[in-house]
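Just so you know, the sequences run in chain order A and B. Residue 1 is where the first sequence starts when you use our numbering, and the numbers rise one by one after that. Residue 1001 is where the second sequence starts when you use our numbering, and the numbers rise one by one after that.
It should be emphasised that the hints constitute simulated quantities derived from the structure, not laboratory data. Note that the coordinates shown come from a computational prediction; the quantities given were computed from them, not determined experimentally. There may be inaccurate statements among the hints.
Okay, the calculated bits of chain A under chain B, using three or more residues with CB under 8 Å as the criterion [to be verified]: (1) 95-103; (2) 115-123; (3) 191-200.
Using N, Cα and C, we set each Cβ at its ideal position, and we do this for glycine too.
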Amino acid sequence: MTGTAPGDLLLTNGDRPFLPGDRTFPKHANRLESDGKTVTTFIVYDRCEVPTIGSTLIGANFCPKTDVVITSSTDGVNWSPITSVTTSRAQQFFGTVATDASRETVNIAYYSTQNDPLQQHLQLFLAQVAPGSTAVGVPHLLTSTFADAQAQSPILVSFDESFGDHLGLAAAGTGTAGQSHAYVSFTWNSVQGTYVGTTNPDLNNHLTRLDY
Amino acid sequence: MKALKTTLVSTLCGWLSVGGLHGQNTITPPPSAASHLREVREKQNTVGDVPQTGILRVPRAFQGRSVLPAGPLLFLASGEGRGLLEATHHPLAQYLSRAFGGNAEAPIPPSPAMLSRLAAMSSNGRLSSGAAAGTVPYTASAGARFNLEPRANAVLYPKARSWQTFIPNGVAQGDDLIVQAADDFRGNLATDSNWDQSLSGYYVHRSTTADCSVQFEGGLPSFQFQGNTVMGIGDTVVAADPMRNAIFIADLRFGNAAGVGLFRASASTLLNPSLCPNGTHLQAQATSCWEVSPPALVFGQDVADVTGGQPRIAVDERPTGTGAGDVYVVQPTGNSQASGIFLAACTNTLTCSAGAVIRGTDVNSIFPYAQVRPDGLITISYTEMSTTSSTETINFVTCTPAGAPNQPVCGSPTAVVNVAEPLGAFLGGGVVANEPVNLNLGLVTTYPKHANRRDSTGKFTSFLVYDDCKHVFNPGNGATPVCVAAEVLMTLSTDNGNTWSTPVSVDAAAGHHFFPAISTDASTGTTNIVYYTTEKDPFKHEVSVALNPIAAGSTTLGAPQFLTKSLDIDDDPGNQGFFLFSTFIGAIARGNGTPGQSRLYTSFDSTAVSGTYEGRSLPESNNHILLHTF
Chain A
1 MTGTAPGDLL LTNGDRPFLP GDRTFPKHAN RLESDGKTVT TFIVYDRCEV
51 PTIGSTLIGA NFCPKTDVVI TSSTDGVNWS PITSVTTSRA QQFFGTVATD
101 ASRETVNIAY YSTQNDPLQQ HLQLFLAQVA PGSTAVGVPH LLTSTFADAQ
151 AQSPILVSFD ESFGDHLGLA AAGTGTAGQS HAYVSFTWNS VQGTYVGTTN
201 PDLNNHLTRL DY
Chain B
1001 MKALKTTLVS TLCGWLSVGG LHGQNTITPP PSAASHLREV REKQNTVGDV
1051 PQTGILRVPR AFQGRSVLPA GPLLFLASGE GRGLLEATHH PLAQYLSRAF
1101 GGNAEAPIPP SPAMLSRLAA MSSNGRLSSG AAAGTVPYTA SAGARFNLEP
1151 RANAVLYPKA RSWQTFIPNG VAQGDDLIVQ AADDFRGNLA TDSNWDQSLS
1201 GYYVHRSTTA DCSVQFEGGL PSFQFQGNTV MGIGDTVVAA DPMRNAIFIA
1251 DLRFGNAAGV GLFRASASTL LNPSLCPNGT HLQAQATSCW EVSPPALVFG
1301 QDVADVTGGQ PRIAVDERPT GTGAGDVYVV QPTGNSQASG IFLAACTNTL
1351 TCSAGAVIRG TDVNSIFPYA QVRPDGLITI SYTEMSTTSS TETINFVTCT
1401 PAGAPNQPVC GSPTAVVNVA EPLGAFLGGG VVANEPVNLN LGLVTTYPKH
1451 ANRRDSTGKF TSFLVYDDCK HVFNPGNGAT PVCVAAEVLM TLSTDNGNTW
1501 STPVSVDAAA GHHFFPAIST DASTGTTNIV YYTTEKDPFK HEVSVALNPI
1551 AAGSTTLGAP QFLTKSLDID DDPGNQGFFL FSTFIGAIAR GNGTPGQSRL
1601 YTSFDSTAVS GTYEGRSLPE SNNHILLHTF
């Protein structure tokens, strides 16, 4: 097996850094193009779209605008300019990517707070890159309800569990339009639990699917 | 161990939680801050192998002391506080060595990012030079932001814990003179080109347009006490004397001396644009506005021997009688000589008694709250913490005025109620239990307040409200119990506080109810109980301000009603839940006796108005105000 030396994606693209001190978690997916030889690699990650701001005495910065970005390469050395998966307002994060080989479609899932004026309530979105293209299409809203990332299960409060740091995504199909499925696993708290007789938000693992 | 609870409460009543107290639900996008805060918490909030909701690190200067001071003083004694003040060349930095001596902690400088932020904040263009433009409605669904801070690069830390008062028709017929006080973090971080480095914020409406606009704001000025400069470090409260057209503000003071600063400004001064110009005041304008009458340092003492919690003030608004026009100051404080709830009496022109400890109070007494009955009797409620458990007792005491500066004569405190499950209960080792889940505030703790009503019989009914935990959930495995349902309760006394009724819930709806405030409109006899409720939010996170009135002559609660839409009060940019420590909302009601013409002003924190950061809009914490007429 042969390979290439690791490339410095950040420096190559001259982009702003990953979220400082955070667990920004880049993911990638490969797509075999129609020529049967070319493989396009897509990398998706979260970043701070604007310079981060020093905010606390304990040293943390905060980002006034996170987004999910994508870049692609056919050789792993040269990467396309980084572009946002969406131009929506508010915060997009936990971007993840998976290719449906049957239809050469790249799926990108992420959380977004764009529909909450206070930018706290989450929804789940999925965007796609069509076969042969590297451009991201119009995202699909996968959840009609919201989750509140500030709300936790009482049983987890003391242990400070949370919405985690990533989404799960898998996509596959038969090659026939309408028979491909993109499954997204995500953390959600719209389903209440009961604690000493009192309903309260409860974190659960959820699953949803987009057919295309 | 008990002293630690005092510390804990005081810390969150004040400036900055040195140890990062709060331990729940700070997970919010963007994830950068969330994970960082988690790491900090994991480092700081672990007892043995069991993560806990909150642990306080007591600065070395106060470790082992039986009486511990308010948050601002804890901050000043910490390495983080010293580092920040030195980095900003804050005048308070020069006093730290003397105040804390060999126990002063080594300065911990702010991060480079923080320093960069400070530089941005001290840049030009952040000083408001004029009054808020346009009409600002009183009754918007989120109230009105009640400060003048520019929105671009708004200070990340909140303007919080606001309290307001007003002089009815103080500007013109139908237009009240409104003064709000709050802790304003611009005093910590900005240089004197933007703010006068006082944490004790004031905000004044004096427009002839009867709206909620602010014409000027600032930090209460420094002043001299026995040759020493004392600066405002927050814990700011305000009261009015409509009979004499005067406003009083008190705050904590620090320098080469410490105590409670007490200021008086007449309505005519506050309405005078020469003395109190429009815009954001610096030291010169703050001085001309608030020091026409020389301020007093109440409970003044050597800074090296200081402790003290948040003060409260109350004014005897009667036209005549022993004590009429007097101003009373209460504070949980102490030094090497004495400790407890201190009470001082000041004349309307701020000649004050030395102050004395209320009999029966000690180092375990916190949260004093003073009122003056329409007959001049001084009523004080406070919390007494158990020395053997996490329970608390709410006490009540009456004091007879002697005519300031003579010291009032107080009776013996009586127990109002024993609170088995107080919010923010101390379990020992600095661990705090019964924090309401999903409220990302620094600390939500039981804090009783009361109001007195003169009944048609000429006797008085005292109403006392407090919050506790209705349902405690224990996660097990050694984790700290949390509160899944906080409630507001009301009890009353018709015999001068000797006996009290069985407490009843102010709002039985599902959700958290907390931070009660209470004010009786003497003109109509209506008692207004205001509080936060999460009833509208299934996530128990967003709050609404709610009102439950008690009609004149009645002792029965009415039907709760919402005064605002759902608000976020805990989402300052960067997820500053660690630093959000609202411990109350404010309420004051007055009228002319005609139904429909009484006014209830409520002050509270909200992130309804955004700031902009790098050109992006984000919710930002501000002091708000809301008018309700009845």
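Right, here's what the structure says about each hint:
With 0 residues carrying a beta carbon less than 8 Å from a beta carbon of chain B, the segment 95-103 of chain A misses the three-residue requirement, and the given coverage is violated. A stretch counts as covered by a chain when three or more of its residues have a beta carbon under 8 Å from one of that chain; for the segment 115-123 of chain A and chain B the count is 4, and the coverage holds. A count of 7 residues in the segment 191-200 of chain A with a Cβ less than 8 Å from any Cβ of chain B is obtained; the coverage claim is therefore met, three being the minimum.
Hint compliance for this structure: hint 1 alone is broken.
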